[in-house]
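> Sequence:
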Amino acid sequence: MTPPRLPDDEHYSAARRARIATPLNLLIVLASVFVAVVWLITLQRIAFEREQTLASEMESNSSLAIAFEQQVFRTLKAAEQVAAFVREQYRQQGRAIDLRRWVEEGVIREEMFTIVSVVDEHGDIVSSSQNTGAVNYADREFFTAQRDAQADRLFISQPVLGRVSGRWLIPLSLRIERDDGRFAGVVVMAVSPEDVTHFFHQVDLGSQGLLELTGLDGVVRARKIGPRSEFGVGAAPLAWFQRQKLQDTDDFYDSGEALDGVARIVSYRTMADYPLMVTVATAYDEEMVTTLQRRSTYLRAAVGVTLVVGIFVGLLMMMLVRQRAATDALQGSEALFRATFHQAAMGIAHVTPDGEILRVNEKFSRMLGCPAEVLQGRNIFELSDPDAASAAQDFLHEQLSSDSRALSPEIEKTYRRQDGSRLWVCEALGVVRNREGHPDFLVLVTQDITERKHLEARLSHDAQHDGLTGLPNRGYFRQRLDRVLASERSPGRLSAVLYIDLDGFKAINDSLGHAAGDVLLQQVARRLEDCVRGEDTVARFGGDEFGIILTNLGSKQDCEAVARKVLATLEQPFDLNGSPVRISASIGAAMFPLHGHDGHDLVQHADKAMYAAKHAGKNRFNWVAE
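So the working numbering is basically just the index in the sequence shown, starting at one, shifted up by 57.
FYI, nobody ran anything at the bench for these hints, they're computed from the structure. Hints may contain errors.
Unchecked claim - Per label pair, the in silico range of CB-to-CB distance:
| hint | residue 1 | residue 2 | range |
| --- | --- | --- | --- |
| 1 | R639 | E162 | 25 to 35 Å |
| 2 | D411 | F309 | 24 to 34 Å |
| 3 | S459 | R492 | 38 to 48 Å |
| 4 | N193 | G600 | 28 to 38 Å |
| 5 | T507 | Y668 | 44 to 54 Å |
| 6 | S636 | Y668 | 26 to 36 Å |
| 7 | E455 | D181 | 42 to 52 Å |
| 8 | R550 | T201 | 34 to 44 Å |
Stated by the list, open to error - Okay, derived cross-link-like pairs now, DSSO-like style, lysine-lysine, Cα gap no bigger than 27 Å in a straight line:
| hint | residue 1 | residue 2 |
| --- | --- | --- |
| 9 | K675 | K665 |
| 10 | K470 | K563 |
| 11 | K613 | K563 |
| 12 | K563 | K622 |
| 13 | K675 | K622 |
Keep in mind the model is a prediction, meaning the values are calculated, not measured. By construction, the Cβ of each residue, glycine as well, lies at the ideal position given by its N, Cα and C atoms.
Required output: the full structure, derived from the provided sequences and hints.
Structure below.
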């Protein structure tokens with residue numbers, strides 16, 4: 058029997074080495090693949106978290122930029138409102154306008170505006186809310202710009218050193234024109250750059266955060282970087298100013314080389330109605346500090362896993378690390394978003410395209426007087442007044458159908474608070490779209506303007522009514538008369554104007570004093586109101602002159618009856634602090650269409666008839682001579 062052939066030593070060793078090498082090579086390959094996978098996942102995780110943090114911070118800064126833009130927009134609109142009111146009063150009163158008295162009496166209450174002045178066509182101050190002395194502004198930018206302006210709009214000047222206040226201020230001006238369109242001067246007010254960037258103190262932008270208002274002329278109106286304030290410097294080299302020329306609004310990372318070397322996450326917006334842009338930025342290193350710390354953790358973990366022998370143990374460790382890192386990243390992003398969202402000085406709400414509220418910040422919740430958890434899930438239109446809900450829905454649908462990323466026009470609307478009271482707000486929409494360009498959700502930026510609406514009503518009333526008696530003034534009387542005549546052009550419809558001048562008022566004013574004279578005028582106003590119907594109008598022209606519009610008269614006798622009632626009423630004694638006094642009145646009348654076809658002619662004829670009555674002996678009524 059032939060014995061079996063044993064392999065020789067060399068062949069046996071090679072086979073044995075091959076059998077051993079195969080699993081070792083496989084383990085080495087698997088280990089190499091595993092290490093490569095570990096590093097790939099780590100680097101992807103680092104890149105993913107950086108992108109997520111950047112996206113979260115850009116979304117936060119974008120919301121703050123919208124809120125800052127709204128604050129600037131409201132400030133400028135308030136300036137336009139006050140300037141327009143002052144301009145109209147200057148047109149009526151001329152150089153007799155007294156702005157200092159208006160401030161003392163509270164007619165002008167905008168504390169943000171350092172000074173309000175009226176400047177004539179030569180640059181000299183006519184009236185001012187402060188004691189200015191002799192000051193000429195003919196060389197100022199705001200004066201020359203309005204002098205050469207082709208349109209009636211607010212001009213926002215570059216910061217200048219005030220000649221009255223001695224402080225750096227941003228002048229805001231509005232052109233004054235004569236009736237023929239020629240330049241007649243400007244209304245100018247000023248706001249300090251620090252007040253413009255006061256929004257910086259209402260949010261936490263970090264020690265290197267930036268808030269900036271820049272003109273499209275390339276000059277910074279106001280800038281705040283941490284505790285440092287700047288203004289009047291050039292903005293042309295800055296990345297956001299260059300980008301604005303191509304795109305009205307954007308969010309991006311900026312290296313900071315053109316400013317101060319600090320890398321920042323920037324959001325800017327170009328204002329629609331003014332040649333300005335707003336910029337909000339936070340320091341990249343401050344916002345990324347948590348992400349950078351986790352990056353170091355990931356890298357150390359990857360090195361450790363690379364050294365671990367045991368594929369399954371290493372895989373398990375990586376799974377645990379990834380799971381924990383993902384959880385930390387999500388929690389960190391959510392915490393960052395909540396912090397910036399709730400720190401905003403404006404009310405902010407995120408709603409679906411159908412109006413369902415997704416989330417609101419604390420300011421919005423306080424404005425509505427309703428907890429955030431109660432508001433969440435409700436429809437935003439249910440919170441509006443019924444008469445405002447339909448218009449708000451149309452406005453939302455209009456913005457959804459637009460492809461523009463610019464901030465929507467601001468609308469004024471009302472909400473009902475939880476206690477039932479009315480809340481007036483200025484509101485604008487920003488549409489957040491997904492990668493396909495479809496609306497994802499909307500950002501509502503809301504500011505409480507209830508006090509401003511009350512101010513508008515007060516200014517409107519003061520501009521049309523006499524401050525002493527509360528009666529309509531001469532200007533409102535003329536407007537009312539024009540409306541009455543326009544509605545009474547039908548045959549057979551008569552209207553009349555009574556022009557009333559008190560007899561003996563000057564003697565009482567001189568003997569008892571102006572205070573007693575004012576009380577007498579107030580009592581006369583009340584008696585005249587008692588002499589007419591609700592559809593008629595009683596006005597004080599000034600001094601001791603009054604006017605009455607009588608509508609829907611059947612004949613001249615109806616007018617005469619009212620005039621004689623007025624004479625009889627004013628003949629009755631008046632009680633001035635216990636002292637009985639007597640006066641009378643001279644009354645002139647003109648009737649439409651018998652004595653004139655427009656308001657100017659009727660008032661002029663009634664005035665002449667009044668003087669005829671006074672010259673005829675007073676205490677009588679007289680028609681205009683036909």
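> It remains to establish, for every hint, whether it holds in the given structure.
Evaluated hints:
A C-beta distance of roughly 33 Å is found between R639 and E162, which places it inside the suggested range of 25 to 35 Å. In this structure the hint that D411 and F309 lie 24 to 34 Å apart at CB holds, the actual value being about 31 Å. About 19 Å separates the C-beta atoms of S459 and R492, a value inconsistent with the hinted range of 38 to 48 Å. For N193 and G600, the Cβ-Cβ distance of about 35 Å falls inside the hinted range of 28 to 38 Å, so the restraint holds.
Range check, T507 to Y668: Cβ separation about 49 Å, and the 44 to 54 Å hint holds. Taken as a hint, the range 26 to 36 Å holds for the pair S636 and Y668, whose Cβ atoms sit roughly 30 Å apart. Against the hinted window of 42 to 52 Å, the Cβ-Cβ separation of E455 and D181 comes to about 47 Å, which satisfies the hint. Against the hinted window of 34 to 44 Å, the Cβ-Cβ separation of R550 and T201 comes to about 53 Å, which falls outside the hint.
For a cut-off of 27 Å, the pair hint linking K675 to K665 stands: about 14 Å separates their Cα positions. Between K470 and K563 the alpha-carbon distance is near 50 Å, which puts this suggested pair outside the 27 Å criterion. Among the hinted pairs, K613 with K563 is inconsistent with the structure: their alpha-carbon atoms are about 32 Å apart, more than 27 Å. Restraint check for K563 and K622: satisfied, since their Cα atoms lie roughly 23 Å apart, inside the 27 Å limit.
Restraint check for K675 and K622: satisfied, since their Cα atoms lie roughly 16 Å apart, inside the 27 Å limit.
Against the hints set out earlier in the document, violations occur for numbers 3, 8, 10, 11.
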